[in-house]
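*Asks:* For my numbering, count along the sequence shown from 1 and bump the result up by 5.
Since the hints were derived computationally from the structure, they do not count as laboratory data. This structure is a prediction, so every number in the text was calculated from the model and none was measured. Do not take every clue at face value.
Claimed, not checked - Pairs of lysine-lysine residues, derived as DSS-like cross-links and limited to a Cα-Cα distance of at most 25 Å, are as follows:
no., residue 1, residue 2
1, K384, K365
2, K224, K178
3, K93, K106
4, K126, K111
5, K176, K18
6, K362, K384
7, K93, K384
8, K224, K362
9, K35, K93
10, K224, K93
11, K362, K269
12, K362, K93
13, K35, K111
14, K18, K150
15, K176, K268
16, K150, K269
17, K18, K31
18, K384, K224
19, K31, K268
20, K111, K150
21, K178, K269
22, K224, K268
23, K150, K126
24, K268, K106
25, K126, K32
26, K31, K93
27, K224, K35
28, K106, K224
29, K32, K18
30, K268, K150
31, K268, K364
Said to hold, decoys possible - Derived DEER-like restraints, expressed as beta-carbon distance ranges:
no., residue 1, residue 2, range
32, F289, L408, 24 to 32 Å
33, I85, K106, 52 to 60 Å
34, K31, P157, 32 to 40 Å
35, Y134, V316, 39 to 47 Å
Note that beta-carbon positions come from the ideal geometry of N, C-alpha and C, so glycine has one too.
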Amino acid sequence: MNSDMETYYDINKFFLLQIGGWPYQKKVLKILIPCLLSMILYSVYVIEALLLYETWGDVDIAIECVITITPVMVSNIKLINIVINNDKFRRLLQLMNEHWKLFHNKNERHILRYYANIGRKITTYVAVYFVTTMIFYLLIPLIPKILDIIIPLNESRPLAYVFPAEYKVDKVKFYYPIVFHSYVTTITTIIILFTIDTTYIVCVLHACSLFTAISQNLKNITKDTKIIINYDKKKHTGSKFHLLMEEHDAASNDYLEFMMCLKKHQLALEHAQTLDSIFTHATFVILFLNVLLLSIVGIQLINNLGRTEEVIRYIIYSFAVFIHLVCMCIPGQLLIDRSTEIFNEAYSSEWYTFSLKTKKLLRVLFYRSFVPCTLTAGKMFVMSMTMCSSVLQTAMSYFTAFLSIK
């Protein structure tokens with residue numbers, strides 16, 4: 006990684022190292038750390054399966070188990086995905102490193118730094134959001150203990166837990182070990198989600214910066230050509246002007262500039278395609294889990310309106326799921342918008358002022374940029390704000406269906 010990447014992506018690199026997802030760390034760590042984290046996450050599956058077995062037939066507890074397991078499953082899927090696609094991720098980082106070298110002029114470097122700085126700010130804001138949410142979520146089990154000290158009653162208040170589970174031990178005697186385990190699993194889940202989601206966002210923003218830089222270059226080529234032609238047009242008229250124009254264009258740099266734009270556009274497309282290939286299958290599964298989670302959390306929120314602590318917990322939960330969905334869809338929408346700018350800029354250019362060789366390159370650029378660059382879920386669904394709206398509508402439909410059945 007060059008100095009710019011080290012500066013802007015240092016937070017992402019640090020957390021990727023902690024979960025064993027950094028492609029350049031030691032191979033043994035890339036195996037041991039994900040295995041350890043997976044064991045922590047799998048322990049949640051075990052205790053939830055035991056709870057389901059002990060309370061078989063209780064729909065409310067079954068729904069609560071699904072709510073507990075789903076975010077852990079999402080985190081596990083993201084971790085496994087980044088480990089399996091580690092070679093592709095290495096290639097993605099190599100491409101990003103090449104981009105910082107190839108996009109070297111002042112304007113291009115400014116655009117790359119601008120988007121990288123946005124990515125760093127988003128990473129920081131998401132970190133603050135996750136930490137704040139986690140603190141409120143993890144404080145819920147401690148509320149009865151705190152109230153027993155501040156406002157004591159004749160008897161102790163019932164013990165509260167982060168999530169319902171069955172440990173096959175005395176829950177009162179082993180209360181603090183149980184809470185400690187739930188804290189470890191919750192923090193592990195959140196760290197994995199934060200790390201991979203923010204890495205995904207900064208990689209998409211980098212792709213957007215490439216498309217923005219290329220569209221800006223196209224605008225500058227058109228502007229420069231127009232200035233030169235207008236100047237020559239004042240001095241020459243009729244057939245002499247057209248002859249001079251062809252002579253000028255043949256000797257000018259517009260062909261070389263367009264050639265560089267095409268090469269850079271090809272690199273930008275490769276970056277976007279590599280990014281999509283890394284996350285597309287995991288995104289498909291996670292999208293389905295988001296629909297499920299939004300539906301059943303809504304049901305539990307309605308069922309627990311009389312319990313303040315539970316209402317707060319489910320509101321925080323619902324908001325977190327919604328934010329996660331938005332973080333999946335907005336980058337895809339942004340990529341569509343920025344990649345479309347290439348075609349719009351080329352289409353609005355004064356192509357008739359270009360040389361014949363440049364016009365041929367322009368046709369190639371039209372062909373490559375006509376279809377927007379997209380991020381997909383399972384190569385079937387395009388990630389965009391339209392998809393976000395569809396997911397929310399689907400979740401609401403399932404919510405009303407489940408509620409009527411119940």
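*Asks:* Is it true that the CA of K150 sits at most 25 Å from the CA of K126?
*Replies:* violated (37 Å)
*Asks:* Can you confirm whether the C-alpha distance between K106 and K224 stays at or below 25 Å?
*Replies:* Since the Cα atoms of K106 and K224 sit roughly 22 Å apart, the hinted pair holds (cutoff 25 Å).
*Asks:* Does the structure keep K32 and K18 at a Cα separation of 25 Å or less?
*Replies:* With Cα atoms ~16 Å apart, K32 and K18 stay inside 25 Å; holds.
*Asks:* Taken at face value, is the distance from the CA of K365 to the CA of K384 at most 25 Å?
*Replies:* Violated, at about 32 Å.
*Asks:* When you check the alpha-carbon spacing of K31 and K268, does it fall within 25 Å?
*Replies:* violated (34 Å)
*Asks:* Next pair to validate is K31 with K93; report whether the Cα-Cα distance is within 25 Å.
*Replies:* holds (17 Å)
*Asks:* If you draw a straight line from the CA of K224 to the CA of K362, is it 25 Å or shorter?
*Replies:* holds (18 Å)
*Asks:* CA of K224 to CA of K93, is that 25 Å or under?
*Replies:* violated (33 Å)
*Asks:* Between K176 and K268, does the CA-CA distance stay at or below 25 Å?
*Replies:* violated (63 Å)
*Asks:* Would the hint linking K224 and K268 be met if the CA-CA limit is 25 Å?
*Replies:* Satisfied, since the Cα-Cα distance of roughly 17 Å is no more than 25 Å.
*Asks:* Take a quick look at whether K268 and K106 sit within 25 Å of each other, Cα to Cα.
*Replies:* This hinted pair holds, its Cα atoms lying about 14 Å apart.
*Asks:* May I ask you to test the hint 24 to 32 Å on the CB atoms belonging to F289 and L408?
*Replies:* Since the Cβ atoms of F289 and L408 sit about 27 Å apart, the hinted range of 24 to 32 Å holds.
When each numbered hint is compared with the structure, violations occur for hints 1, 2, 5, 6, 10, 12, 13, 14, 15, 16, 18, 19, 20, 21, 23, 25, 27, 30, 33, 34, 35.
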